[in-house]
Every structure is written in structure tokens, then in C-alpha cells.
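So the protein lines, in turn, are chains A and B.
Residue 1 is where the first sequence starts when you use my numbering, and the numbers rise one by one after that.
Residue 1001 is where the second sequence starts when you use my numbering, and the numbers rise one by one after that.
Rather than coming from a laboratory, the hints here were simulated on the basis of the structure.
No residue lacks a Cβ here, since even glycine has one placed at the ideal position from N, Cα and C.
Certain hints may be false.
Simulated restraints on C-beta separations [claimed, not checked]: (1) Val32(A) / Asp1220(B): 34 to 40 angstroms; (2) Leu79(A) / Met1012(B): 23 to 29 angstroms; (3) Ser189(A) / Asp1061(B): 30 to 36 angstroms.
Residues on chain B that point at chain A, a partial pick, calculated with CB under 8 angstroms [what the hints assert, rightly or not]: (4) Ile1155; (5) Gln1156; (6) Phe1264; (7) Ile1302; (8) Leu1304.
To list a few chain A residues with every Cβ distance to chain B over 12 angstroms, as calculated [unchecked claim]: (9) Arg135; (10) Pro227; (11) Pro271.
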Amino acid sequence: MNEQTVQLTGKPGQESLWRLTWRNFRRHHLAVFSLVLLIALGTMAIFANVLAPYNPNDIDPRNPLVPRGTPQPPSAEHLFGTDNYNRDLFSRALYGMRVSLGVGFLAMLISIGVGVLVGALAGYAGGLVDNVSMRVVDVFLSVPSFILFLALNAILEPSIWNIILILGFFSWMDVARLVRAEFLALKESDFVLAAHAIGVSPRQMVLAHLLPNALAPIVVAATLVVPSAILSESALSYIGLGVPPPDASLGNMLEDAKAWMLTAWWMWTVPGVLISIIVLAFNFVGDGLRDAFDPMLYRR
Amino acid sequence: MTRYLLRRIVQMIPLLIGISILAFLIIRLAPGDPTVVYIDPNKPPPSAEDLARLRARLGMDDPLPVQYAHWLVNAVQGDLGFSLSGRRPVAAEIGERLPNTLLLGLVSLLVTIVISIPVGVLSAVYRYTLLDYAITFLSFVGLSVPGFVVALFLIQFFAVEMRWLPSTGMHDVREQYSGLRAVLDVAEHLVLPAIALSAASIARWARYQRSSLLNVLTQDYIRTARAKGARERRVLGLHALRNALLPMITLGGLSIPQLVSGAFIIEYVFGWPGMGRLAVNAALRRDYPVIMGVTMISAIFIVLGNFLADLAYHWADPRIRYE
């Protein structure tokens, strides 16, 4: 009979899931590259006030006499050129990224909060609560939300916070469904039955036993809520019902470019390319995470 | 089957009522006085009594549930209220725009199907080749570039630089075409909006088709078909593709809300005279009855689309049995 040494370390279960996931994730070169890119862009956005060469809302100090001048093409002085108010587009892009990423991130936090709450309640309580919650999810999924975004933004005072709230409260449905499905499956598992048997309180059950095991789909869904919120924000700002001027967001920079389509290509290329890169990177990271969390795909 | 049909149709009603309550609450609970839309800025401001009379006539002094019940009873009878800014019934405004939106939506759906399915099949059949990687990368790009940025790019390139296609509206305003020429005129105006609207769904559908076909190709009956010596063409076309198309039906139903939302902004960018432009203008002017009407008509199409997708799925896959 062979002797086998088994090493037991602290908390094997939890640790190995995250380590396994990270190991799988690293194989997705595109996802890793996207993650690095997002961290870099996020850092630039956070330090926009340090990195921006000009005040993003100031007209070009060198041209104080031309407040409504023609946009200047990219040059050494203005890396991305200027817009029609002679504001430096590089500085505006940095601040716009800060707003767009912030809106996406905070809307994601709201949608995770609401989604986990509803999904956990429905999945844990079951019965009537479950039924009613899922009908509410159906309603939110079938409502043409973009019209209501438009209406709400027109009715409420235009502000970044309102946009975050609106986008967050209309994007929690997928999270709720995932959490509910996960809870329903977990409720039948042996460890939950065992926990019940030893008299674990409902609160403890949800927080300590069910939720940690439902974390993987939540993380993937969270990663994918951010880009869709950024896309909605930019569409709303483009219509003029989003982030109010003069503050820059990638969407309202596109709105500014509307009248200058023919003459100043850089005005719409800069925000357009930035939005696309950010959304693309989030999609790649989400895809990589989904694959990395899926044990069927990689376990050998 | 009949019982299933009936049950599904009956289920649509509470869903639509739920949607209408949600929309009604959002629109009515928001601060702001809708009577301001009625006030003509060129005339002397109305007296407080006039405003009170107007509020009473619009039923805005009633409690919310009463207002909602009032709206619902009228809406069921086809009366969606009176457009404050258009100064005519909402139903007439929507009726005028709906065919244009449907035209744009259906053409985009057709473009999506015709392009995405062959592309997805190619990507799956030649998986892990350069072609597959190129298609995958392009689909991610298609998913990531916002529809209206695609629209801006199309306008810049095809309308401004090349002058091949018109960039705005639905008809050439300089000409009065009739007959076939008029149809061609509309078709010409439709090309760019339809491409912009379908870009994202083409990408999504192609990815879906790829993974669905890859899934089917690992099934035992495909190996059986190959083992008995069927040619690859036959295996793909007859055995694999038919089964791989099934999930696409569900995806079709699920895509309708995105198509509706996408249509709104695309219509705005291209000046397409559809419901989306109506909704944007209504939102900007706080024209509540129009917002409510457009929301409900779009919701009906979304709910109906899901229902039809379910039916199509049932028809295509006899293994599915509904009680």
C-alpha cells in the first residue's frame, strides 16, 4: 500500500476556488490584456485632475478671444485636438472617462444590491414571494426601458446621480434571476440540509452559506452590467438627456460633435473610440470570467 | 396545445397591466407639473383659476389610482389620451409613426438573420482558424461600439464622403416620387439606419449561432451520421444546422426589447419619422400621454414577440410538450 501525504491548509474550499479561477482566467490572454487596459484607463480617470493638461471646461487660454472658435485638429499642444469651444479634448476625454466609468460602476453596485436582495428573497422564501418577485422581474424585462429613461431624465433635474439611480434600478433583473436560480439549486444540496439540521438561522444561512456559493454568477453579471450602463449613459447624453453640460461625459462629447461631423472628425472619433474600447474590454473580461468560473470547462 | 395557447394569452394581460402600472407610476410620481406643456409662452400667463380648471379637466386632481383606472379604461378602448404638444389624439400620432418603425425594425431583423446565421455557421465549422478568430473579434467589436456611433460612422463615410446614400429622413424632400420610384426612395433612406440598428444584433446572433452549432456538433447523432458515411455537407445541413437553429428562435424573441430601444436612438440620429423620434420629442416636452402611449405600444410588441417566439419554438421542436 502506498503512503500518501495530504497537506491540509487553512480554508481549502474557498481559497482554491479563487485561485483556480485566477489560474483559468490567466489563460485568456485577451481577457487579461483587457483587465490591464481597464485598470490603466480607470487609474487615468481617477487621476484625471492630475493628468489633464488643461481645465476640461475652459476655453483655450491661448485663444481667449475666440470662445466659439472652430475646432482645432490634434497637435502637440492639444493631443486629441479641441472642440468647438476650443476646450482641450484630451482633458475632456480624461474627465469624461471618469464620469462614464463612475456611472457604469455605481449603476452596477445598485443593480447588484437590488438584484441580490430580490433574488435571495425569492430563492430562499419560495412560494408566493418567489412567484410575485419573478412576475415583477418579467414586468421590468418587458418594459421598453429606454423610453422611461428618456422620460425620467426629462422630468427629473438633469444630474449624474439621477442617471446612476435610473440605470441601476433598470438593470438588476438578470442578477435577481441568477441569484434565485442558484439559491433554488443550493437549497437542495446536502450542506444546506445539514446546516438546517443544526439550526442555523435564516440570516446566517443566506449570508454565510448560500450567498458565497452564488458569487460566481454575480461577479460575471456585474462585469457585464457596467458596459451596458455605459452604453445607455452615452446614448442618453447623446440625445441631450444625460450628463448635463458643461461637465464632460463620453456621451455628451459625442453630442457636442453632432454639428461638426463633416469638419472635425476628431471630435467624435475620440469619445466614440474610447467608449468602444471600454465596453469591448469589459465584454472580454466578463467572457474570460465566465469561462474561468466554469469548472466543467477546465477541470482536468 | 389549445389550452396552452389560451393560458399564454391570458398570462400576457397581467404582464401588460404590470408594465402599464410601472410606467404610470414613474411618469406621474415624478415632480413637475404637466400643465406647463399647455401654456403658450407667447400669450399672457393664465390665471390661477384657468390652471385649476385645466387640471380638473385633465383629471389631475383625482387620486392616482383613479387616474390610472381612468387611463386603463380608455386605453382598452383604443383611446390613449390627447397629445399635449401635438394637439391631437395620441393614437393618431402613434398610428402615423408605427408603420415606419415596424418597417425599420423588420428590415433590421431580416438583415440580422440573413447575415448572422451564415457567419455564425462559418465561425463554428472553421473554429480555431483565422476566419473564426476574425469573426469572433469582429462580433466583439460589433457588440461594443454603440449603435449611434456606428450610425455616425456610416453617415460620415457613406453619406458625407462618398455621397452614395442619404443620411436623414425617409423621403427625398426635393422630389415628389410615385410608384416604384417612391419605394426605391424609401429603400435608399432605409439602408444606413437598418445597418446601424442591426450591427449589434448581428454580432450577438453570430456568437450565439456559433456556440449553438458547436454544441450540436459534439452530439452522438452527428458522430453516427458521419460514421455511416454521410457527406459533411449533409451532416451539417441536414443533421446539425436544423437543431442548432432552435435556440436562435428563443434569442429572436429575447432580442425584441433591444431592437426597440436601439430603434429609438437610431431613429433619432437618422431623423427617421418613427415612434422613437416621437418618444424622444415627447420626453423633451414632457408630453406624458404620448410617453405612456409609446411605452405601452412598444411593450405590446415586446410581449407579443416573446409569445410568437415561444410558439415558433413549439412548432419547430416537437419534443417540447406544454401542458
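Going through the numbered hints above, which ones does this structure break? Give me the numbers in ascending order. Those not satisfied are hints 2, 3, 8, 9, 10, 11.
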